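> Read off the chains here:
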Amino acid sequence: MEAAFLLLSHPRGEGRTPQLLPLGSWDWGPRPTDQRRASEQALMTGSIPGFIDVVMNFNSPVLLEDNLIGQAKAAGKRVIFYGDDTWIKLFPKHFVEYDGTTSFFVPDFKEVDDNVTRHLDTVLKREDWDILILHYLGLDHIGHLTGPHSSLIGPKLKEMDYILKKIHISLLSKEKEASLPHLLVLCGDHGMSEAGGHGASSVEEVSTPLLLISSAFHRKMGNLQPPKHVQQTDLAATLAVGLGLPIPKNSVGSILYPVVEKRTMREQLRFLHLNSVQLSRLLQENVPMYEKDPGFQQFKVSEKLHGNWIKLYLEGNNSEVLLNLGKKVLKQYLDALKTLSMSLSKQVAQYDMYSMMVGAIIVLEITILLLLSTPKALCQNAAFEIPLSSSSFSLLFYLMVLILSAVHVIICTSAERTCFLCSISWLMAVGVMMLISALLCVIVALLTKTFENVRPSAQNLAASSSGWSELDLLILFGTLGHVLSLGASSFIEEEHQTWYFLINTLCLALGHEVFRNHFLGKDLDHNLAVEQNIKKNAKNVLQYKNDYVDVPETSKIYKASSSMELLPKVYEKWLQLASPWFILICCRLLRTLNQTGVQWAHRLDFGHWLTSSDHKIELSVLTCLSLIMIFVLVQRRCSSVSKVAMALGLLGVFCYRAAIGNVLLPWQRDRKSISKGIIEARFVYVFVLGILFTGIKDLLKSQIIFADVSIKSLGLWDIYNGLVLLAALLLRPHNLPVLVFSLLIQAVMTKFIWKPLKHDAAQVTIMHYWFGQAFFYFQGNSNNIATLDISAGFVGLESFIEVPALFLTVFATYIGPILWAIHLLSFLSSENNRSSAISHASFCYALICSIPVSAYIILVTSLRYHLFIWSVFSPKLLYEGVHLFITATICVFFIVMDQTNLIKP
Amino acid sequence: MKDADIKRLFYVHIFCIVSIILTTFIPSFFLEDFSVLETHLTWLCICSMCVAIINVVLYLQVKPNPSSKRSSIFHKISRLLKSCVYFFISCLLFHAIIVLYGAPLIELMLETFLFAVILSTFTTLPCLCLLGPNIKAWLRVFTRNGATSIWDNSLQITTMSSVIGAWLGAFPIPLDWERPWQSGQRKGCSYEAGDHRIQAPSAGEKHRLYPVTFTTIWNNQRVTHQIFLALETGWLWCPLQITQPSHPPASFLKYTILT
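Quick mapping for you: the protein sequence lines, in order, are chains U and R.
Residue numbers are given in the working numbering: position 861 of the first sequence equals residue 861, and the series is strictly consecutive.
Residue numbers are given in the working numbering: position 148 of the second sequence equals residue 148, and the series is strictly consecutive.
With the rest of the complex left out, here is chain U:
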C-alpha cells in the first residue's frame, strides 16, 4: 500500500470551494500486480500490465509505451518526482528534478519516507512545476515486514495524514493568486493481504482508496455517498483529460465521470467523445472484427447523437429539448465507454499459440521419453540407450522435418500477430523442428522395442504388480493425485495442503512398515520368500526391487554391525518405532509456523507472533537455540576445519540478525541502531565460500587422485553444510526452526528409516522430493508472487546488483528442495554399498519433477482463458519453471558426481 501523491495543476477549473471527491476504492481486476513497475505502468499508461511485466520488474527497463508523463513532457509541463527510484528507471529523462530512493531494501520504513518529505517544504513554495509526484514507500515496507495489523501502521498513517494536510493547505494558499485550481490525487497502487503481501487477487489486495481533492469540485451537502468502485486504468484517462493532454494511446480506461460532472454539457460531451474516440481506435487496432463489437456500435450511435446535439446547440436552442438530448447523449457515451473498456480489457491477453504448442510438444515428448525408459533405467546397471543415431537417419525423421518446416513457413507467412518462433532466425527454427522430429522418432523406436519385449512378459508383469509394497502404491497414487490436482485453481492456491497431506501419509506408511518390520519379522520373511519366488519367474521386470527384498536379514546384519552399540537393542527398537511419529509431530509444528496459501493465509500463525515487535526476546532466544541446534546437527559430518568455520559462520548469522534489528544481543538491550548488516553478512559469506571450497577441493581430490569414496562423501557433506550455513543467513528471522527441523528429520530418517529398512534409491529419492516440496511450503512460500521474499537478495549487498541478488533470492526461495536434493546426493554417496544408486536417484529425480511440470504446461495451455489464469496459474508456472531449472542443475550435479565414480576405477 504505497501512497503516491500526484499533485497536478488542474488547468480548467473555476470552482473555489476546496472539495473532496471520494471516488472510493478501485479495482485492479484479477491481475498479478505485485511489483511496482507494473503498477506504475498501469497508473501512467492506463493499460493493463501483462504478467511478464512483473518478471521484468527486477531491472525495470524504460517504459516506451505512450504514457501520461511522456505526454506531459511533450506538452512542456515540468514534472518533479520524489520517491521510489523505479519511476526514474521507467521515465529516465522525463523529470526536471528528482530524488529516487531505492525501494528494494524492504526492512527500512523510515528513511524511504524521510527522503521524500525533506523536499516538500521547498518544493511547495516554488512555482516552477506543473506536476509533482511523491511516492511514499514506508507503508508498503511495513506491510511486507509485519503485516496489516502491525503497531507501526497507525503512526505511519498519521504521518501520511499530516503530510496530506500540509500539501493541501499550501496548495490552497497558492491558489489565491493562481487562476487555476490544483488537483491533489491520493492513491495507493495496491492493497495488502492479511499477510502483508500483495500480488494475488483477493479483495484486500486489489482495492485501494483513491481520493481526488481539488477546489474545482463542488461540495455536496448532506451525507457523503458511499464510495464507488472504479478501475485503476481509468485514472490515466481522467488525468490526461484534466491536464489537457492526449489520452495515452493504449489506455483502456474510461474517464471518471464524477470528475467532470460539474462542467458545462458541451465540455462534458467533448471529454467523453475524446475518450471514446481513443478507445475505439485502440479497438480497431486490436480486434479484426471491431465493427461487430457492441461498444463500437454504441459509440457510433452516440457520435451521431452528439452531432445532432451540437447542431441544436449552435442553433442557439436553449430549451428543455437540448438538455434532455444532452443527457441522453451523455448516457449513451458512458454506456459505450463502459462496453468499449470491457471488450478491450478482454482483448489484452494475446497468446502466441504456435510457440506455445511447439514448447508444449517438446516438453511432452521429453517426458514420454523419460517415462518409456523408466524400466530400463531402474534396472541393475542403470543404463538405457536412446536410439538416436538410427532414428535420426530414418525416413520418418526427414519426413517430419519437411512437414514441420512447411507448417512453420505457412504459419509464419500467414500470421497476423507477432510470434516468437517466427521472429527467431530460421536456422534456430529449423533446429527446433529437427529436435521435435528426432524426439518423435526416438519415442516411436522405443515404443516398438518395448512392445516387442512386453508381449511375452505381460503375464509376469501382472504377477509382479501385486508385489508392490504399500509405499510404492502410495508414491504412485500420490504423484498421480498431485498431478491431477494441478488442474484446479484452488488446489494450486492451496498446494501446500496437498504436500502436507502426502508427507503425513508417507510418514504413516513408513510407521506401518517399521512396525511390520519389527513385530512381524517372521511372517514377512515367509511372505517375502513367496514374493521372491514370483520375482524369480518374472525375469527382466522390476529387477531393482530385489535389492530391498531381503529386509529382515540385512537389517539384522546391520543391527549387529552398525554404530548402535551405544544403545541397547530395545531402545533402538523403540526409537525406530517412534521415529515416524516424531517426524509427524515435527511436521505438525512446522505447519503452525507459517500459514500460507490463500484461504487460511490470514489466520494468525506462530511466525507472526514471533516477528511482532513485542516478542523480540522470544525470537532472540529461538534464533539462538536454532543456531545451536543447527551446529549440533551439522557438526557430526564435518571435517574439523569446516567445523570451526561452521561455528564462526553461525555466530556471524546471529550478529547479522542483531545488526538488522531482528534479534537482541544480550548485552545491548537498549541501543537501537539498525544498519543493513553488510559487514556481518559478508563475514558469513566468507565462511560459506570457505566451506564450499573445502568441499569442492575434496571432490576434486577424489576425482583426480585415486582416493577412496569417503573423501568424496566428505566433500559432498561439506558442500551440504555450506549451503545450510547460507540458508541460515538468508531465511527470514522466524524461519530458522524450519532449517532445524529439516536437518533433524533428515538425521532421523537416515538413521532409523532408510538405513535399517533398506529402501531402494528410487524410493529414497521420491521421499526426498516430497519432503523438499513440503519444506518449500513450510518456509512460508506459496504459489503466489506475494510471498516471494525479495529482501533475501539484498543480504550483504550495498545496492541492487542483478546476478547475486537473483541468485540469492532463488536460493532463499527454494531452500527446501535444494537442501533435500543435496542431502539425497550426500546420503547416497556415503552409502557406498549401493552400486548405481546415484544414477537411479538422478533419473528418478528428473522424472518425478518433469511429470508435474509437463502435465501443468498442457493444463495451462488448455486453460488459458480461465478467469484465474493471471492470478493463479501464471505465478505457478513461473515457480514451476524456476523449480525445473533448479532441478536440471541438481541433476547435472548428480551426473557429474556419478561420472567421477566411473572414472575412478
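Just so you know, these hints were derived from the structure itself, not from any lab.
Treat the hints with care, as some may be off.
Said to hold, decoys possible - Result set (DSSO-like, lysine-lysine): computed pairs, CA atoms no more than 27 Å apart in a straight line: (1) Lys573(U) - Lys76(R); (2) Lys249(U) - Lys292(U); (3) Lys569(U) - Lys136(R).
Being a predicted model, the structure only gives us computed values, none of them experimental.
With chain U's structure known, arrange chain R on it following the hints.
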C-alpha cells in the same frame, strides 16, 4: 459352510448400509431442525451410535465360530472391559492422527473427536467384535496375505476402505466453491465462533470450512465404505471367486490393475 458364511456376511453388510442411510433421514422425524449439514454433530453422534449397535448385535449374532469353551462371567466381563479400553484407545489414536494431519489442536476439539469416534466404529469395532481384544490376531489379519477366512477378508476390506475413504475425504479442503452448503455451514458455525467474531471480524470465516470439511470427509468416507461394502458383497457372491479364494485381496488388486 462357506456359502453360509457369505450369506451371513451379506446380510450384515446390507444391514449396515441400510442403517447408515436411515440415520440420515429418520432423525428428522423426531428432532426438529435436523439436517446433515446444519447439525452435523448430532448426526455424527446418532450415526456412530447406530452403526456401533448394529455392528455389535449383528456380529455377535452371526459370529462365525463362537468360542467353544463356555468361559466364566468374569472372563467375559474382563473381555468386555478390555474391548472398551481398546476402543477408547483407538479413538484417541485416530484423534491424534487427525490432529497431526492438520486439524486444530484446541478449537473444534469435539468435531475432531467425533470424527475419530466414527472412524473407530467403522474400523476398530468390527475387529473387536470378530477377533476380540487380541492384538496378535489383529496383526495377523492385517498383514498381507494374512487372512485365513472370508471374515478376515471382509475385515480387511471394510477397514481399509473406511480409512482410504476418510483419507480421500480431505479432497474438498482446499476448494473454495461458494456453494450453498458451504455458506449454510457458515451460518451454523457463526454462533460457535461468535466470541471470536467480536475480536476479529473475519474470525467466523476462518473456521468456516472446517466443520464442512468434516461433514464431507465423513460423507465421502461413508460413500466409499458403502461402495466397497457393495463391491465386496458382489465380489463374494461372484462364483468364480468362491471357487478359488486363495488370496482374495491380492487377486482383487491384480484384477483392478489389469483392467
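> List in ascending order the numbers of the hints, as given earlier, that are violated by the structure.
The structure breaks only hint 1.
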